[in-house]
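Enquirer: Protein chains in written order, with my numbering: chain A, 1 to 112; chain B, 1 to 109.
Incomplete in silico selection of chain A near chain B, CB under 7 Å:
no.: 1; residue: Q41
no.: 2; residue: G42
no.: 3; residue: P43
no.: 4; residue: F45
no.: 5; residue: Y48
no.: 6; residue: Q100
no.: 7; residue: F103
no.: 8; residue: P105
Simulated from the structure, these hints should not be mistaken for laboratory data.
These numbers come from a predicted model, not from an experiment.
The C-beta atom is built at its ideal place from N, Cα and C for all residues, glycine as well.
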Amino acid sequence: GAGVSQTPSNKVTEKGKYVELRCDPISGHTALYWYRQSLGQGPEFLIYFQGTGAADDSGLPNDRFFAVRPEGSVSTLKIQRTERGDSAVYLCASSLPGLQQFFGPGTRLTVL
Amino acid sequence: AQRVTQPEKLLSVFKGAPVELKCNYSYSGSPELFWYVQYSRQRLQLLLRHISRESIKGFTADLNKGETSFHLKKPFAQEEDSAMYYCALKETSGSRLTFGEGTQLTVNP
Chain A
1 GAGVSQTPSN KVTEKGKYVE LRCDPISGHT ALYWYRQSLG QGPEFLIYFQ GTGAADDSGL
61 PNDRFFAVRP EGSVSTLKIQ RTERGDSAVY LCASSLPGLQ QFFGPGTRLT VL
Chain B
1 AQRVTQPEKL LSVFKGAPVE LKCNYSYSGS PELFWYVQYS RQRLQLLLRH ISRESIKGFT
61 ADLNKGETSF HLKKPFAQEE DSAMYYCALK ETSGSRLTFG EGTQLTVNP
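Here chain A stands alone, though its shape is the one from the complex (with noise of 0.2 Å):
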């Protein structure tokens, strides 16, 4: 089966932008993550879905960020008034609930 995919693979933006980030999760994981990814770093936690609804979005930086999932499928991370420190990978990652997270191949944001 299809792991989860992330769109774009590559977006380049420009300062003060407005950018949406997609996540396909795996068909049926109901838990849903977002990780941000700096260069030279590991992954740092954003927000999880459990279904629909974010059971922790303490990672979410500022409120410029948000994500949204709702028909508990298909998430969007939607990043508003870009910054160049938001210049990451964004990985997404889906789960049954507690077990094993799936990762995807990530979207490389570069705001200029």
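Based on the hints, put chain B in the right spot on chain A.
Expert: Relative to chain A, chain B alone:
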């Protein structure tokens, strides 16, 4: 707050030599520990988890609660082991993973 430390950013060994990738953690409860691996141009994938106590691709890792460590070991490294390795921790009651900064392992021929 929980923290995972991987003291070596780079580690280079020769094929057939033993390898140990170090991981230390700080967490007040009983964590679940994992090793993830990312091969070149591939996605992050689970290598092993401490609760399963199994050997994957010849790698083992033992959780030492006294030393708060979860070092990854392999007695005879292979060239195909060259990759980035991340140690990660999951809280007892949570779902998020806390990752270390990673160790880039290079196995030379």
